[in-house]
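Engineer: Residue numbers (my numbering), protein chains in the order written: chain V, 1 to 349; chain U, 1 to 349.
Derived from the structure by calculation, the hints contain no laboratory data.
One or more of the hints may lead you astray.
Same chains, same label: a pair holds when it works inside one copy or across any pair of copies.
What the hints assert, rightly or not - Okay, derived cross-link-like pairs now, DSBU-like style, lysine-lysine, Cα gap no bigger than 30 Å in a straight line: (1) K206 with K190; (2) K222 with K206; (3) K210 with K222; (4) K74 with K190; (5) K74 with K222; (6) K210 with K74; (7) K322 with K206.
Note that the coordinates shown come from a computational prediction; the quantities given were computed from them, not determined experimentally.
Number of protein chains: 2
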Amino acid sequence: MSEHPTIALDAMGGDHAPAMVVEGAELARQRFPGVHFLLFGAEDRLRPLLAKLPDLAAVTTVRHTDEVVTADAKPAQALRTGHNTSMRLAIDAVHDGEADGVVSAGNTGALMAIAKFVLRTLPGIDRPAIATFFPTLRGESVMLDLGANVECDSNNLIQFAVMGEVFARTVLGLTQPTIGLLNVGAEELKGHDALRDAAMVLRNTKLPIKFRGFVEGDDIAKGTVDVIVTDGFTGNVALKTLEGTAQLIAVFLHETFRSSPMAKLGYLLARPALAKLRNRMDPRRYNGATFVGLNGIAVKSHGGTDPVGFANAIGVAVDMIKNGFNDKIKAEFGRLGAEQQFDSLAAAL
Amino acid sequence: MSEHPTIALDAMGGDHAPAMVVEGAELARQRFPGVHFLLFGAEDRLRPLLAKLPDLAAVTTVRHTDEVVTADAKPAQALRTGHNTSMRLAIDAVHDGEADGVVSAGNTGALMAIAKFVLRTLPGIDRPAIATFFPTLRGESVMLDLGANVECDSNNLIQFAVMGEVFARTVLGLTQPTIGLLNVGAEELKGHDALRDAAMVLRNTKLPIKFRGFVEGDDIAKGTVDVIVTDGFTGNVALKTLEGTAQLIAVFLHETFRSSPMAKLGYLLARPALAKLRNRMDPRRYNGATFVGLNGIAVKSHGGTDPVGFANAIGVAVDMIKNGFNDKIKAEFGRLGAEQQFDSLAAAL
Numbered sequence: 001m002s003e004h005p006t007i008a009l010d011a012m013g014g015d016h017a018p019a020m021v022v023e024g025a026e027l028a029r030q031r032f033p034g035v036h037f038l039l040f041g042a043e044d045r046l047r048p049l050l051a052k053l054p055d056l057a058a059v060t061t062v063r064h065t066d067e068v069v070t071a072d073a074k075p076a077q078a079l080r081t082g083h084n085t086s087m088r089l090a091i092d093a094v095h096d097g098e099a100d101g102v103v104s105a106g107n108t109g110a111l112m113a114i115a116k117f118v119l120r121t122l123p124g125i126d127r128p129a130i131a132t133f134f135p136t137l138r139g140e141s142v143m144l145d146l147g148a149n150v151e152c153d154s155n156n157l158i159q160f161a162v163m164g165e166v167f168a169r170t171v172l173g174l175t176q177p178t179i180g181l182l183n184v185g186a187e188e189l190k191g192h193d194a195l196r197d198a199a200m201v202l203r204n205t206k207l208p209i210k211f212r213g214f215v216e217g218d219d220i221a222k223g224t225v226d227v228i229v230t231d232g233f234t235g236n237v238a239l240k241t242l243e244g245t246a247q248l249i250a251v252f253l254h255e256t257f258r259s260s261p262m263a264k265l266g267y268l269l270a271r272p273a274l275a276k277l278r279n280r281m282d283p284r285r286y287n288g289a290t291f292v293g294l295n296g297i298a299v300k301s302h303g304g305t306d307p308v309g310f311a312n313a314i315g316v317a318v319d320m321i322k323n324g325f326n327d328k329i330k331a332e333f334g335r336l337g338a339e340q341q342f343d344s345l346a347a348a349l
Numbered sequence: 001m002s003e004h005p006t007i008a009l010d011a012m013g014g015d016h017a018p019a020m021v022v023e024g025a026e027l028a029r030q031r032f033p034g035v036h037f038l039l040f041g042a043e044d045r046l047r048p049l050l051a052k053l054p055d056l057a058a059v060t061t062v063r064h065t066d067e068v069v070t071a072d073a074k075p076a077q078a079l080r081t082g083h084n085t086s087m088r089l090a091i092d093a094v095h096d097g098e099a100d101g102v103v104s105a106g107n108t109g110a111l112m113a114i115a116k117f118v119l120r121t122l123p124g125i126d127r128p129a130i131a132t133f134f135p136t137l138r139g140e141s142v143m144l145d146l147g148a149n150v151e152c153d154s155n156n157l158i159q160f161a162v163m164g165e166v167f168a169r170t171v172l173g174l175t176q177p178t179i180g181l182l183n184v185g186a187e188e189l190k191g192h193d194a195l196r197d198a199a200m201v202l203r204n205t206k207l208p209i210k211f212r213g214f215v216e217g218d219d220i221a222k223g224t225v226d227v228i229v230t231d232g233f234t235g236n237v238a239l240k241t242l243e244g245t246a247q248l249i250a251v252f253l254h255e256t257f258r259s260s261p262m263a264k265l266g267y268l269l270a271r272p273a274l275a276k277l278r279n280r281m282d283p284r285r286y287n288g289a290t291f292v293g294l295n296g297i298a299v300k301s302h303g304g305t306d307p308v309g310f311a312n313a314i315g316v317a318v319d320m321i322k323n324g325f326n327d328k329i330k331a332e333f334g335r336l337g338a339e340q341q342f343d344s345l346a347a348a349l
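Using the sequences provided together with the hints, build the complete structure.
Structural biologist: Below you can see the structure in the form of structure tokens.
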């Protein structure tokens, strides 16, 4: 809830760390005055970078460690043996109350495993999920889970729906976000049992959420709903399919504009407009997958991102902290828990 | 295997039937000389359409029926009560040996249910799948299952892999198609048990197939492999996500080219090149989802397609018939069956 949050940064995670992390922090500092940084990593590499950015250095505390979680480390191994890695220490800082949130561009599996172990889940939440947002025909939508849970039961999906709704309000600033469950058809009888059971509960809940029923794969880019709820397997495949298709068309367009002198000239004339489109779909704008459901804010940046993308991932953490994401989650789950107690009481009578 | 196949057409299926079906058949007739058609539907509507197309009429036999499967009919109901519908009679014609394959733009669920019931699965195949192909960075790829089976075990996935490989050879004309299992990561330990078990069998099979292991969502559009194997839930979501994303970008581009006078001029200059790109990605080129694994060729056309799209769906059926799709499937499954027998013998010793 802090207006001047402290963000713990894993300075050594990501393909271009630590320079990318420090430069990203500088961009975030300019955008969010009052934010402080705790920077975990090799001091001898971080000091020269900070020396060039005195305004950043003034709001940053460096915590030295030589150890890192490598990109190919197994999550279980990183959890067991990586107690002094930059990633682990940055997460510990959130647990210990020294930081309000953590951002890392390192190994996703390790980050998830360590964050889950150190921060634990919020009351009422069985499993955390990975959420992100992306551009659609109608604006921006959130999707979760993107890979934390390969298999999900109906309770997991219901919890993801509630967390996704809070995410859409907190990070996207929507007032009445709509929710859909990803399925293979809009009819009530389609899909797995877990989906049908979750839909039944969400249709009948007294929580003030706008559940729109089932949506299909093509509804993702259409923006038919603001929050798309799915299991981690399907969500991961769907998001990567979306990204891959966008890249395919970008390559096809590139070839098209080089295919003749007229096309090249046409491209030159349309270039300013096309640059705006490129900016609208810039993956760096949508960098920052969030682990939701943990007792602490943890955001994963793309490993290959640049300072602009990393600053956006920090921005997601700052939005969540300033808008009280976890307090809102707790309030919703308090209501959901009371409702479920009431239901089981009613069922028992 | 016939060089002069007979195709049974459900003349009443699809949003623009029967005119769209008859005009599509005419385009297919021009493209595939020697093909005959059995046209099932309302004679009073079909005769006037055929009267305008004497060359088509010369190779077409009309079989009158007044009954149709409606777009909103439940599959079980269509199967139970629709014995004289144009869809059912067209499928019966394949079963009875009067036609070599059937094409319908009608109700997908009903078509699947009726085709499965009437034609039965080929020996060695537990469940049929829906397959289609689409444009990628490297050419064209096949994906299956696209929705026939919401849940799949490892045997289903192995069978889909073998059928997809034959499809890529038969319809796309590839000589050594590569196969990948869709997963959330390329590492061996990722994903469901069914995926890991299927991967293990496909890695060790003596069948002459090129199995490349796991692929991810972004590999679909990249064309990393020629055949993408997945369960019907994931495949349906992935294909629709791909289509939805392509449509989103088309809308964004349309807006971009109208956003300024310069952009408009640029569009006019690049228009011939962009038209080629549009043609390359034209959904009508990729019309025709095939039910593979049945004892007969059955192709589903998009319900909203036009004659060009419907002719392409007929083309898929013709390719499969002329190239002996089902004979090749039977040969592969004969080998697979022998291998499995050998394996269980070895395990028993």
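Engineer: Please go over all the hints and tell whether each is borne out by the structure.
Structural biologist: Cross-check of the supplied hints:
1. Taking CA atoms no more than 30 Å apart as the test, K206 paired with K190 passes inside one copy only; the shortest distance there is 24 Å, against 38 Å between copies.
2. When the C-alpha separation of K222 and K206 is checked against a cutoff of 30 Å, the pair qualifies only within one copy, where the shortest distance is 28 Å, while the shortest distance between copies is 44 Å.
3. For the homomeric pair K210 and K222, the shortest alpha-carbon distance inside one copy (18 Å) is at most 30 Å, but the shortest distance between copies (36 Å) is not.
4. For the identical chains of this complex, K74 and K190 are inter-copy neighbours only, at 12 Å across copies versus 37 Å inside a copy, given an alpha-carbon limit of 30 Å.
5. Only between protomers do K74 and K222 lie at most 30 Å apart by alpha-carbon distance; the minimum there is 27 Å, versus 37 Å within a single protomer.
6. Only between protomers do K210 and K74 lie at most 30 Å apart by alpha-carbon distance; the minimum there is 28 Å, versus 39 Å within a single protomer.
7. In this assembly of identical chains, the alpha carbons of K322 and K206 lie at most 30 Å apart only when taken from the same copy (27 Å versus 59 Å across copies).
Of the numbered hints stated above, none is contradicted by the structure.
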